[in-house]
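Build the full structure now, drawing on both the sequences and the hints.
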Amino acid sequence: MKRVAIVDYGMGNLDSVARAIEECGGSPVVTDRAAEIENATHIVLPGVGAFGDGIRNLRARGLDEILREHAVVGGIPFLGICLGMQLLGSRGFEGGVTEGLGWIEGEVRRLEPAGEDHRIPHIGWNEVAFTRASPLFAGVDTGHDFYFVHSYHLVCHDKEDVLAVTSYCGGFVSAIARGRIFGVQFHPEKSQRLGFQVLRNFLAV
Amino acid sequence: MPKIRVMPTLLFKDLGLVKGVAFDSWRRVGSAMQAVKVYNMREVDELVYLDITATSDGRPPDFETVDDLADECFMPLTVGGGVRTLEHVRRLLKVGADKVAVNTAAVEQPALIREIADRFGSQCVVVSIDARRRADGRYESYTHAGRQPVGKDPAVLANDAEAMGAGEILLTSIDRDGTLQGYDVELTRLVCDAVSIPVIASGGAGTYAHMADVLRDGRASAVAAASMYHFTEQTPLAAKQYLREAGFSVRL
Amino acid sequence: MRAIRYCVRCVMPETKPDLFIDGDGVCSACRNYERRGAVDWDQRRHDLQAILERYRSKNGESYDCVVPVSGGKDSHFQTIRLLELGMNPLCVTATTDHLSSIGRRNIENLKKQGVDYIEVTTNPVVRRKMNRLALTQVGDISWPEHVTIFTIPVRVAVQFAIPLIVWGENPQNEYGGPAGAAEDNVLTRRWLEEFGGLLGLRVSDLVGREGLEPKHLIQYTYPSDEALRRVGVTGLFLGYYVPWDGYSNALYAQAHGFETYSQPVEGALVNYENLDNAQTGIHDYFKFLKYGFGRATDLACLHVRRGRLARADAVKLVRMHDGKFPWVYLGTPIEEIVKSIDMTLDEFIRICDRFTNKKLFECDARGNLVKDRGGNLTKINYDNP
Numbered sequence: 254m255k256r257v258a259i260v261d262y263g264m265g266n267l268d269s270v271a272r273a274i275e276e277c278g279g280s281p282v283v284t285d286r287a288a289e290i291e292n293a294t295h296i297v298l299p300g301v302g303a304f305g306d307g308i309r310n311l312r313a314r315g316l317d318e319i320l321r322e323h324a325v326v327g328g329i330p331f332l333g334i335c336l337g338m339q340l341l342g343s344r345g346f347e348g349g350v351t352e353g354l355g356w357i358e359g360e361v362r363r364l365e366p367a368g369e370d371h372r373i374p375h376i377g378w379n380e381v382a383f384t385r386a387s388p389l390f391a392g393v394d395t396g397h398d399f400y401f402v403h404s405y406h407l408v409c410h411d412k413e414d415v416l417a418v419t420s421y422c423g424g425f426v427s428a429i430a431r432g433r434i435f436g437v438q439f440h441p442e443k444s445q446r447l448g449f450q451v452l453r454n455f456l457a458v
Numbered sequence: 012m013p014k015i016r017v018m019p020t021l022l023f024k025d026l027g028l029v030k031g032v033a034f035d036s037w038r039r040v041g042s043a044m045q046a047v048k049v050y051n052m053r054e055v056d057e058l059v060y061l062d063i064t065a066t067s068d069g070r071p072p073d074f075e076t077v078d079d080l081a082d083e084c085f086m087p088l089t090v091g092g093g094v095r096t097l098e099h100v101r102r103l104l105k106v107g108a109d110k111v112a113v114n115t116a117a118v119e120q121p122a123l124i125r126e127i128a129d130r131f132g133s134q135c136v137v138v139s140i141d142a143r144r145r146a147d148g149r150y151e152s153y154t155h156a157g158r159q160p161v162g163k164d165p166a167v168l169a170n171d172a173e174a175m176g177a178g179e180i181l182l183t184s185i186d187r188d189g190t191l192q193g194y195d196v197e198l199t200r201l202v203c204d205a206v207s208i209p210v211i212a213s214g215g216a217g218t219y220a221h222m223a224d225v226l227r228d229g230r231a232s233a234v235a236a237a238s239m240y241h242f243t244e245q246t247p248l249a250a251k252q253y254l255r256e257a258g259f260s261v262r263l
Numbered sequence: 039m040r041a042i043r044y045c046v047r048c049v050m051p052e053t054k055p056d057l058f059i060d061g062d063g064v065c066s067a068c069r070n071y072e073r074r075g076a077v078d079w080d081q082r083r084h085d086l087q088a089i090l091e092r093y094r095s096k097n098g099e100s101y102d103c104v105v106p107v108s109g110g111k112d113s114h115f116q117t118i119r120l121l122e123l124g125m126n127p128l129c130v131t132a133t134t135d136h137l138s139s140i141g142r143r144n145i146e147n148l149k150k151q152g153v154d155y156i157e158v159t160t161n162p163v164v165r166r167k168m169n170r171l172a173l174t175q176v177g178d179i180s181w182p183e184h185v186t187i188f189t190i191p192v193r194v195a196v197q198f199a200i201p202l203i204v205w206g207e208n209p210q211n212e213y214g215g216p217a218g219a220a221e222d223n224v225l226t227r228r229w230l231e232e233f234g235g236l237l238g239l240r241v242s243d244l245v246g247r248e249g250l251e252p253k254h255l256i257q258y259t260y261p262s263d264e265a266l267r268r269v270g271v272t273g274l275f276l277g278y279y280v281p282w283d284g285y286s287n288a289l290y291a292q293a294h295g296f297e298t299y300s301q302p303v304e305g306a307l308v309n310y311e312n313l314d315n316a317q318t319g320i321h322d323y324f325k326f327l328k329y330g331f332g333r334a335t336d337l338a339c340l341h342v343r344r345g346r347l348a349r350a351d352a353v354k355l356v357r358m359h360d361g362k363f364p365w366v367y368l369g370t371p372i373e374e375i376v377k378s379i380d381m382t383l384d385e386f387i388r389i390c391d392r393f394t395n396k397k398l399f400e401c402d403a404r405g406n407l408v409k410d411r412g413g414n415l416t417k418i419n420y421d422n423p
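Chains as they are written, first to last, in the numbering used here: chain A, 254 to 458; chain B, 12 to 263; chain C, 39 to 423.
Check before you lean on any hint, since a few could be wrong.
Below, simulated DSBU-like cross-link-like pairs (lysine-lysine); rule was C-alpha separation at most 30 angstroms, straight line [to be verified]:
hint	chain 1	residue 1	chain 2	residue 2
1	B	24	C	150
2	C	397	B	105
3	C	167	C	150
4	C	377	B	105
Which chain B residues stay away from chain A? Per the calculated CB distances, all over 12 angstroms, these [what the hints assert, rightly or not]:
hint	residue
5	69
6	70
7	71
8	96
9	107
10	145
11	148
12	151
13	163
14	167
15	261
Not the full set, but computed from the structure, chain B residues with beta-carbon under 8 angstroms of chain C [to be verified]:
hint	residue
16	24
17	26
18	27
19	40
20	41
21	44
22	45
23	46
24	48
25	49
26	52
27	53
28	54
29	75
30	125
Bear in mind the hints are in silico, worked out from the structure with no lab data behind them. Positions of the beta carbon are idealized from the N, C-alpha and C atoms, including for glycine.
In structure tokens:
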């Protein structure tokens, strides 16, 4: 049984993620409690909103420590979605400079237009091109569309952490992985068939 | 570039879905749940759901209905109608909306847009602008489901909205809405040129060619349609196939 | 909570798709019925005869028309009337989902009126899958049957090269659709998709689900425009040419051997229609859940309009019978039906709740539907305040 802890830190489309996990065969628990996170087989950190608020909310609930203990140290498979992926970075530049969780070396910066008619926020379906293989994308071909809705992106210092990139605004990292810690800039719970495949793959880790 | 998005719009009035003509003569169409489920089966790019009497009825958004529908909606969902406070936005996002559309409140309380953008991020704020062509050929914006003129050009309104932090504009031509006669391409172009955020064209789609026109000449990033899809002969998928043949980049 | 508005003449609620209630509170179906008084029925009969004459086979080597039938009261009336008008029809039945024994007897009785008859029965294994898919996806177990009712006779017309199809009533007229449609007397592909009750779903949407492939869906596939043009297929509604009345059709049919049920059918008020498909109870129930009215309302309105039932009495009868949970229909228990489509009763009830428009029914403080001991819902109001 896949008990999936969906971290509630006051930000994010918790219901959507929970429903999607359910459809993919997992048993979602929306929670901010250490006991439930500890007991989970998988952890998902969703996120919609600003980096600063996100990290503050996590810290206020002590979730930064709890998540580090169980995901980084404890090795429970972890998936950060959208803001949830960005928060893994060392720091963010949205609304001032703020320290992130620091699990992945890198900074969160605003997307900058790199071509005529590059509109920001980046909203819509765009192609995810793999830079290396990963169980997260098993059964998914490179270059397919996933749904993005964001204005910021995580710049990774270590190329080894990068799993996939998307060509827009000069190119940005659309998926990361380090061990059993994964992050996706797109919304798998909104990317229909392929998104669900990614979620199923995550649940299989 | 992100793909051109083709999205159906669901209009909810009082007790169920409706289709109208020029924001008038509303006609009841089928149940919201079955519409959402069919579009979900068809894997449309996005869905727009608007409660068109919330503001004039003076009531908040209908969170229960959105919750029920969002449960069956595994694609991006934009919800609008009666959004006037930060709490409305928080609750809608919580029950499953991905983006929230604000129309009347964006004009009456422009600071609200900034608040929502700061709290939840620009990417979840869609400012919805309804406009009519005036006798002198220029455009007038309206609130309250097309009943109250704002006294501002929609391009100016859109620009202000962007400055306040809006992430996207949903632009509807009241004159063309429900007529199946084509989008107001000129209106769309005026607004697209005035902002650097994505613009969704809405109001008037009757054929796939209309969509190509507003994308090409209006410079929209996405096309929304309602009446066109209520007659099942035409579907979002077929629209995208047409658009691909016409040289646009779509998700298929 | 906003109250449901009802027509002040009949008892139809505003929530019905395509219905329009005007400034006087009268619905479009009642207005359409009013207009009947102004119709020159002699002229219409004359026009009908002219059309039939045009299409009558010149050498008797092919049928004069296709008559889509189910074996019911209307089918009897249509067929007998066409025979009386000197036509040589080919009756075509798209077999129903769950044929009842009385339904079978009535089909046999219809044949005995003296017609060649084709029954097209689709693959029942495939049909069950489609019933299930349609129920879960659009909340209409009878969706596949609706498709075949409108598609199979047209396919036969093309295949047998019979250009004229004579349908019965134009549902948009009696049931109050938009003016453009109410005067339509030809069932085109466009009409089908707009008003044929397809609920936005297309046959192609089902391909790939539950192992369904195009080869399983041949009988559900509407002929191409090219094929229709080649044969010159045209359809007309008999209900445009005669003042249609389901009750008088029933009397006519009965006089010709049509059998009625021993009691009013569950959820309805009469014993002379919808006798052939045990799944109809579920179909009607979902109409109630989505729109707040069931078959009892439909029937009450038909009779009120014709002066056979007082509105106040209609309100009472609807309250008593409309929208009851379909535990049994035509003697068939619901467990048998849901089992046949591979579903448990619990799953079925969950789907019911999923499609219920909660705004129309009483809910408790937590927003859950209030159900009585029999699982029945209560509407927020059964008449105008």
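Status of the hints after comparison with the structure:
Note on residue 24 of chain B and residue 150 of chain C: the hinted pairing is violated, with a Cα-Cα distance of about 51 angstroms set against a maximum of 30 angstroms. A threshold of 30 angstroms between alpha carbons decides the hint, and for residue 397 of chain C with residue 105 of chain B the separation of about 21 angstroms falls inside it, so the pair holds. A C-alpha spacing of about 34 angstroms is found between residue 167 of chain C and residue 150 of chain C, which places the hinted pair above 30 angstroms, so the restraint is violated. Annotation: proposed proximity of residue 377 of chain C to residue 105 of chain B is violated, straight-line Cα distance about 37 angstroms (limit 30 angstroms).
The non-interface label for residue 69 of chain B is consistent with chain A: the shortest C-beta to C-beta separation is roughly 27 angstroms, beyond 12 angstroms. Remark: the non-interface label on residue 70 of chain B is consistent with the geometry, its nearest Cβ contact in chain A lying 22 angstroms away (cut-off 12 angstroms). Against chain A, the non-interface label of residue 71 of chain B holds: every CB pair exceeds 12 angstroms, the least being about 18 angstroms. Taking the minimum C-beta to C-beta distance to chain A, about 17 angstroms, the non-interface status of residue 96 of chain B holds against the 12 angstroms cut.
With a cut of 12 angstroms on Cβ distances, residue 107 of chain B falls inside the contact zone with chain A, its closest approach being about 5 angstroms. The Cβ of residue 145 of chain B lies farther than 12 angstroms from every Cβ of chain A, with a closest approach of about 28 angstroms, so its non-interface assignment holds. The Cβ of residue 148 of chain B sits about 26 angstroms from the closest Cβ of chain A, beyond the 12 angstroms cut-off, so the non-interface label holds. Against the 12 angstroms criterion, residue 151 of chain B stays outside the reach of chain A, whose nearest CB is about 25 angstroms from its own CB.
With a closest Cβ-Cβ approach of about 22 angstroms to chain A, residue 163 of chain B is found to remain outside the 12 angstroms limit, as its non-interface label requires. With a least CB separation of 19 angstroms from chain A, residue 167 of chain B remains clear of the 12 angstroms interface cut-off, as annotated. Residue placement check: residue 261 of chain B does not keep its beta carbon more than 12 angstroms from all beta carbons of chain A (closest about 9 angstroms). With a cut of 8 angstroms, the hint placing residue 24 of chain B at the interface with chain C is violated, because the nearest CB-to-CB distance is about 10 angstroms.
Taking 8 angstroms as the C-beta contact cut-off toward chain C, the hint placing residue 26 of chain B at the interface holds, the least distance being around 5 angstroms. At a threshold of 8 angstroms, the smallest CB-CB gap from residue 27 of chain B to chain C is about 6 angstroms, leaving the interface hint in force. Because the beta carbon of residue 40 of chain B sits about 6 angstroms from the nearest beta carbon in chain C, less than 8 angstroms, this interface hint is met. Taken as an interface hint, residue 41 of chain B checks out: its beta carbon lies about 5 angstroms from the nearest beta carbon of chain C, inside 8 angstroms.
Contact between residue 44 of chain B and chain C, as hinted, is supported at the beta carbon level, the nearest pair being about 5 angstroms apart and thus within 8 angstroms. Checking residue 45 of chain B against chain C: minimum C-beta separation of about 4 angstroms stays under 8 angstroms; hint holds. Using the Cβ-Cβ criterion of 8 angstroms, the hint placing residue 46 of chain B at the interface with chain C is satisfied: the shortest such distance is roughly 6 angstroms. At its closest, the beta carbon of residue 48 of chain B sits 5 angstroms from a beta carbon of chain C; the interface hint therefore holds under the 8 angstroms criterion.
A least Cβ separation of about 5 angstroms between residue 49 of chain B and chain C falls short of the 8 angstroms threshold, and the interface hint therefore holds. At its closest, the beta carbon of residue 52 of chain B sits 5 angstroms from a beta carbon of chain C; the interface hint therefore holds under the 8 angstroms criterion. The criterion of a C-beta within 8 angstroms of any C-beta in chain C is met by residue 53 of chain B, whose closest approach is roughly 6 angstroms, and the hint holds. Because the beta carbon of residue 54 of chain B sits about 10 angstroms from the nearest beta carbon in chain C, more than 8 angstroms, this interface hint is broken.
This hint holds: residue 75 of chain B has a C-beta 5 angstroms from the nearest C-beta of chain C, less than the 8 angstroms allowed. Contact between residue 125 of chain B and chain C, as hinted, is not supported at the beta carbon level, the nearest pair being about 33 angstroms apart and thus beyond 8 angstroms.
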